[in-house]
Every structure is written in C-alpha cells, then in structure tokens.
Amino acid sequence: MRGLRLLLVGATLVAVAGCATGEEWKIWRDNKTHFASGEHMGFSVRNREGTQARVTRQDIALAREQAWFGRPITVSQEQILER
Amino acid sequence: MSVRRSLAAVAAAAALALAGGAAAAPSDDRILPVPEYTSEKAKNLAVTHLKALRALNGDLYHCVPWVEVQRHSIGFFRPKHIARDDRYLSVRIYIEQDPSPQFAALRVEQRAGAMFSRYVGALLKRMTQDRTLAADPSIDGFTVILEWLKQAPRAAGARPVHETIAVFVEKPLATDYLAGRLRTREVAERAKVLGFDGETALGELRLTAWDDNFVATYKVANYEVEKGITCQ
Numbered sequence: 001m002r003g004l005r006l007l008l009v010g011a012t013l014v015a016v017a018g019c020a021t022g023e024e025w026k027i028w029r030d031n032k033t034h035f036a037s038g039e040h041m042g043f044s045v046r047n048r049e050g051t052q053a054r055v056t057r058q059d060i061a062l063a064r065e066q067a068w069f070g071r072p073i074t075v076s077q078e079q080i081l082e083r
Numbered sequence: 001m002s003v004r005r006s007l008a009a010v011a012a013a014a015a016l017a018l019a020g021g022a023a024a025a026p027s028d029d030r031i032l033p034v035p036e037y038t039s040e041k042a043k044n045l046a047v048t049h050l051k052a053l054r055a056l057n058g059d060l061y062h063c064v065p066w067v068e069v070q071r072h073s074i075g076f077f078r079p080k081h082i083a084r085d086d087r088y089l090s091v092r093i094y095i096e097q098d099p100s101p102q103f104a105a106l107r108v109e110q111r112a113g114a115m116f117s118r119y120v121g122a123l124l125k126r127m128t129q130d131r132t133l134a135a136d137p138s139i140d141g142f143t144v145i146l147e148w149l150k151q152a153p154r155a156a157g158a159r160p161v162h163e164t165i166a167v168f169v170e171k172p173l174a175t176d177y178l179a180g181r182l183r184t185r186e187v188a189e190r191a192k193v194l195g196f197d198g199e200t201a202l203g204e205l206r207l208t209a210w211d212d213n214f215v216a217t218y219k220v221a222n223y224e225v226e227k228g229i230t231c232q
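Which chain is which? The protein sequence lines are D and G, in order.
The first sequence begins at 1 in our numbering and counts up by one.
The second sequence begins at 1 in our numbering and counts up by one.
Bound conformation, chain G alone:
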C-alpha cells in the first residue's frame, strides 16, 4: 500500500470516528434569537445565557425525548399578564403520550394537575441547572408551558385539539421549591396557572398537584442516549 493510500485510509478512519463520536445536536431554532426580543433587558439575558439555553435545549432533546420543543419555545419572555418588563425563563413543551380513556375522562383541572405534577418541578430543576443563570437577579421568574393532545382528529380533514397550561412561577417561589423548602403541592397553590382548550382561554385554574418522579423514572423502550451525552 502506498504512503498516500495509507494516509487517506487513516484520514477516513479518523473522520468516521469523529462523526461517530459527536452527538447530534437539536436545532438551535428552538431558542428565540436575540434580535427577536423587544427589550434590551431580554436581549442582554439572551446573550449572557445563550450557552445555558443551548444546554437546556440539548438536555430536553436527549434526556426527555418523548417531549417536543417547538421553534422559538425557549427564551426570556415577558408573561403577557405582567405590565412591566419582567423576564421569565420560559419553556414550552408538547408532551407525547398514548391516548388514554381514563385520562380523557378526568376534569380539565385534574388533567392539568397531573401534568403539573409530572413536569413543572422537573423542568424547573432542568431550567436552573446553570448556576450563573439561576443566580441572575435580572431573571424574575420561570414560565413552563405544557401542551398535550386532548382529542385526535375524529374525521378526515379534522384537526387535532391540544390542551395547554401556562404556569408562571415567580423567582422567590421557584427558589424556595428548588431549595427543598416547598413541595410541588405548594408551588401549584401559589403559581399562576392559565388553561387553554385548543385556542380558547379557560382562565386561571386552581390545581391540586403532588410530587411525581415520572420524568426521572420513565424510559422510552429501548431508547439509547447518544454517545457523549449524560442524563441526570
């Protein structure tokens, strides 16, 4: 074998090894781009914490693969019901789950309470993994938006209907929860929760929630996390 051929073979092997070793990354388009923000405060937060937002995006993509984060769903948004420029780190997820007659038979508050229990605490922990972000006094709170299929299309051409809750957690409340001073039930009692049936606003919901370790324990059958990714 000539030297040139040997070098080419080594280069090809190295390229393959590199390609195999690098984990596929989720698209950055799930994070709201800096120019899209309407205030300097938000833009500054987005620039300062871009690395943390990317890490959160990657963590959700690889470690909670049964949820979907759509375009521009991660960022420092202002909750619409707050007049001043308070900026909440916000994440919106669509939760995939098999249709369940038992779940569908519950009242909307019960479905919302179950979803709150499963996801809000788990997401708050993931959203504050970056210590610099968690300690940034410019961040005023956290928004978790959870969306799930309420009704599959019942006829050809019909559209599916999603149910959504938007959970707004002020910074002190989140801090107390993350420090273990409050339980999920108390966060649900004190957070502001808005409900939506499809596009229709249901107003503020009063939820009963509980500590649920579903996100930490559920595994997609036979799912293998890509090499180089560590899930906590």
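Pulled out of the complex, with its shape left as it was, chain D reads as follows:
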C-alpha cells in the first residue's frame, strides 16, 4: 500500500515537472537552439539567479554548438592559402 502511494506521488511529480506552459512551448518552437540539449540546460540550471555565475570553456563550446546558424556561406581556405 505504502509502495503504491509512493508510486502515485512520484508519477504526479514527473507529470507536473514535465509539463511546459503554452508560452514555454512557443519559445521552444520559435527558437530551435533554446536548450537544445541536456548539457546546455545543465549550464543554465547551474547558473541560477542570485548565485555566482560560472562559465567554463566547455560551456562556451556547447553554447556555440547549439546557437549554430547552419553551414555558412564563406570563402574556403583553398581560395586563400596553399598547403
């Protein structure tokens, strides 16, 4: 009985925690790079308001990957330099 109660409480918590508001989903849809991965979310969660923020080189690399606009139109190295 106790086990069943715990299971119900756990399931409710998971359901509530997993729900995003309509506005949050709109932000997600509009910005494909927003929290695109668990790592980026981890960085955001770690630096909560009111705490001393800390950014590592790894955080920058992850944020860069997730903010990637796509393959750019740019000059190739071969147009400028020879190996």
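Only some residues are given here: those of chain D computed to face chain G with a beta carbon under 7 Å: (1) R54; (2) V55; (3) I60; (4) F69; (5) G70; (6) P72; (7) I73; (8) T74; (9) V75; (10) L81; (11) E82; (12) R83.
No lab work stands behind these hints, which were simulated from the structure alone.
From the three backbone atoms N, C-alpha and C, an ideal C-beta is built for every residue, glycine too.
Since the structure of chain D is provided, determine the placement of chain G on it from the hints.
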C-alpha cells in the same frame, strides 16, 4: 576499513585530483597535420614547431574563448598569391559577436578596419610568443584570416553569410611591428589585405586601422580560465 579498501580510496582520490587538475585541451585537429603539406619546407616547419603550434592553439582556446578556430586552420601555409614556396605561419579565426546594427551599417572597409585593429596585432603577438619560431628564418611571414557573421539567415533554410579578410604580413613588417617600431595603422597600410563577402572575392582592400586593446581587455562575463592555464 581493510587495507585494500584504503588503497582503493586513495587511488580514487588521486585519480579525481588528477582529473580535476588537468586542463581540457583543444583538439589538435585545428593544426594542419604534417602529411597534408605539399612541400618539404612546410613539413619541416610543421615538425620543428609543433609544440609552438599546440601552445598557440591552446592559448587561443583558453584565453580568447569568444573566437573559434576551425579544423586545419593553424599551420605553415603558402599564400596563394605568392608563386614561390614562401611559408607564412597562418591562423584563421571566426569571431563571435552579437549582431550590431551600427556595425552592419558601416562600409565593408570600415568593418574590416575595425576587425584588423582589434585582432591582427593581438594575434601577431600570440603567434610569435615562441622565441624559436619567431627567430626561424625559414618563416617568411604571417597570415591572419578573420571571419565574422555578416548576415544571419533571413528565412528558414537560408544560410548565414560570413565576411572575411585575409591579412598577409611579410616577416620584416611583422618584426618591426613586434619590436614597437611601427603602429597598427602602418601595418594596415603596408600589409596585403584581401576581402571576401561570403564566397565572393572583393579584391584587395585599403584599410584604416588603429591600435585597439580589445583582445587584452575584453572578458566574457563570468568566464573562468581552467586551472593550470595562464593567460597573458
């Protein structure tokens, strides 16, 4: 606690301490591998100065974290416009910055001049930190390629457009600048600068540049350099 358990605990603690103390290194793939060069002169330079190239790669990675060095972007390349096998130590960086309407409104020469002012001198200093490399007579000059976002994608499926300048600085010019005998303005006047809008060559650009200490003073908010790394 048994002796075996104690030893295991000490070993685990030591492993953790070592893991925590060692700084993450940037990938070596940013440096052109030796077999990729097409001349013996270049291969010799790459072998001789591999340690210096790795140090430069690490310095850019940790100390200028808002720029990106892509694969095979550091090495002893030959500038395409030079027929003989002159070898320039070359670095290509992509500069990340927030979109700015003021910056976008400038003429291409003005944007290029601003980027030249910020990065060329600072990179030349970083590229010549290794004394052996700086004094090597086989190195004929330095190439600094700067790339930045000109235009973000304007529609779904569109690609961003980058603007690029390639700056070629002959060895004597670099030596005079690094010795303090020339200012950034004079380097910009004497160096060869090629411009590119996306993939389109704009030809040679005449730039006005100035001494700018941005790289030395700019800090990414709350960025912490990893333990064991010293930035100058």
